[in-house]
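> With the hints as constraints, model all of the structure from the sequences given.
Chains as they are written, first to last, in the working numbering: chain W, 128 to 360; chain P, 28 to 438.
Quick caveat, the hints were computed from the structure, so don't treat them as lab data.
Check the hints yourself; a few may be wrong.
To be verified - Each computed EDC-like pair below joins lysine to aspartate or glutamate, with the alpha-carbon atoms no more than 20 Å apart:
#, chain 1, residue 1, chain 2, residue 2
1, P, Lys322, P, Glu287
2, W, Lys254, P, Asp256
3, P, Lys322, P, Glu154
4, W, Lys254, P, Glu154
5, W, Lys254, P, Asp232
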Amino acid sequence: MTAPLDQAALRGYAERRLAASGSSVAAFLDGQADRDGAPAHRLAAIVVLKAFAPEPFVAGARAFVSRLPPALRADWYREFTRTIFLAGDPSRLGARFPFDEVAADGACAWLAPAPPARHEALRRLLKPLHTEGPFAPPPAPAALDRGGGGGRVLRLSVSAGGLRLEHYLVHLHHALSEATIEGHLRPDDRLELGHVTDFRAPPRAPAYVRVHHDVALAGRLRLYAVLEGPQRA
Amino acid sequence: MTRTDNPQTHPAPSAPPAGPTATNERRVPDARRRPTGRDAPEGTLALAPILITPTKPLTPSHFKGLLWLDVLYKATAILRDTVYLTNRRTFDVSLQTVGFWAYMDARYPDEDYRHRSERWVGERYVEFHRDAPTLTLSPSAVAAYRARVERDGWVHAISDRVLDIWASHYRALNLYDPGLRRSEPLALTREGVLDELGRLGCLLDLRPLGGAVYVDLTEQGIPLRQLVDAGGVDNYLLSALRELLPMARSFRTVLLLSDEDLTADYVVIERVLARVGARAFRLSLGRVPLDGAVKASREGGWEAYLFERFLERYLPRRGEDVFRLGMRLYFVAGLGRTAGRGFCFDELDGAMSRAARLLDRFPPAADASQLEAVLRSQLAHHGNVDPYRLTSLLFANRPHPAAGVVLPLFL
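Structure (structure tokens):
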């Protein structure tokens, strides 16, 4: 019997997620997970991008998270896998800022989570990613192969309705990061990516869900992403 | 090179205009201005100031810029080929100008501006910046104004009046006028600039994502500078590049004169021009504090310092020559380059007295080779005469013995 897709159910998901990492529920509900300009010890990863294509972005994000040292990964998970998206061209920055991961198309690159001071120079050079107009996710290829051929297939559905690109990327990235950290999405799994405007029905047996504040409706939670599977390929 | 084509449909080619007499050129009509052999290898020096938008009164900060540039131009033109670039259209097309025009049409629809004073215009300008956020100026209406400027070089009647007033200020000071009203189609279209920047490898274009467009010199450690916002509206930096990028091919050396507060944008312009192969360098001037504060014109504070006050205070008593010399002594040497010294009438009075004594003691005389020697001794690193150093020769307690041959440049 599946739970209805109401605020109580969404809150339940959120609380379970927070419990898993030992993060503060109060901080989450207060919106601190979104806040920038935080105390000196707050970790944030950086993504620099000049273009977006789902396949290289997803592959890059998965590789980035998989390669983080376990202790840093755990700290970052506790800090809500905070990630800052900056507009910039990785190819012009690589000499000054050695990226931890660069996507196959060179359009985006990652820097490992660090306290704000460590990324200050880069953040002064670049601008926060800001777009206007409704973002329509490109028709994603059905399967985003990660290689490895481990034989499992998972499906990530992302709700993109009414979101600007920068919001969409935040939720997509959190979903990929956390699903990887929690062990639901393994490096050699094949991943399928699909988009919905909004989730109509609650997920049946999700491996992972991404619930967060609804960017359009203050005080409400929204289901942004669901990871289902694995199925055998 | 003719400019009759609409630049939107017929973008200018990127090849430079034939010969050194480019369309923006204005020369000092002075038979003594003959370059020596030194001139040829360096090429022409182009002066590219940021134009003051004709939507407000000229304040001491503006006069400082205008007088610096006047001394620099007249002195440098004696030694080498120098052009003073000007094109109204580059900056009239900006949101700052057009927004004010749209506001005036909405709020004062039947106004006859022909007899309005600089002060009155300034008061409207302050009012516009104070009230404009509460008025709805539709983006399409603003775009229509910009299109008229772009296409026809149209100038709103209120700015027409301001330009008339400024022309008379120029005459009073004998400021070299490169063409206050000169308005030419911009050499490059917006897309032309973006394409060129793309070719130069310094463009970050996020329009496919619904984002902004930036000049990207992050490779050189310079922060991104926006050219077009995420909503598709371009800014004055883009307009400036539309005019200056092609200039960089025509003139090997470009001096960018700007307000200290615009340094970040002018660093970007300088670096972009360098990528095109021009030697570009910047001269930035600090604004003049009034009553202890440095403010933008839109914030007011200039009311007691308009040119009409200088005229009535000095012209009847001192006469034209002393007035013109005294203004230059004070605004160039007296105030210095930075924003350190606040404006002070007592000090300007002192400069006028000094000017009178100079003219008594050193009657202006013509001696081309002596003049050239003095000017050469005050050359700045980039090949222009340093106006501060030159003016200081006159303003010093012991003026330069050849002051007489230099003074004509200051009258």
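> Each hint: holds or not?
Structure-based check of all given hints:
1. P:Lys322 with P:Glu287: Given pair P:Lys322, P:Glu287 holds - Cα atoms ~12 Å apart, limit 20 Å.
2. W:Lys254 with P:Asp256: 12 Å, holds
3. P:Lys322 with P:Glu154: 15 Å, holds
4. W:Lys254 with P:Glu154: Violated: W:Lys254 and P:Glu154 sit about 32 Å apart, past 20 Å.
5. W:Lys254 with P:Asp232: 13 Å, holds
In this structure, only the earlier hint numbered 4 is contradicted, and the remaining ones agree with it.
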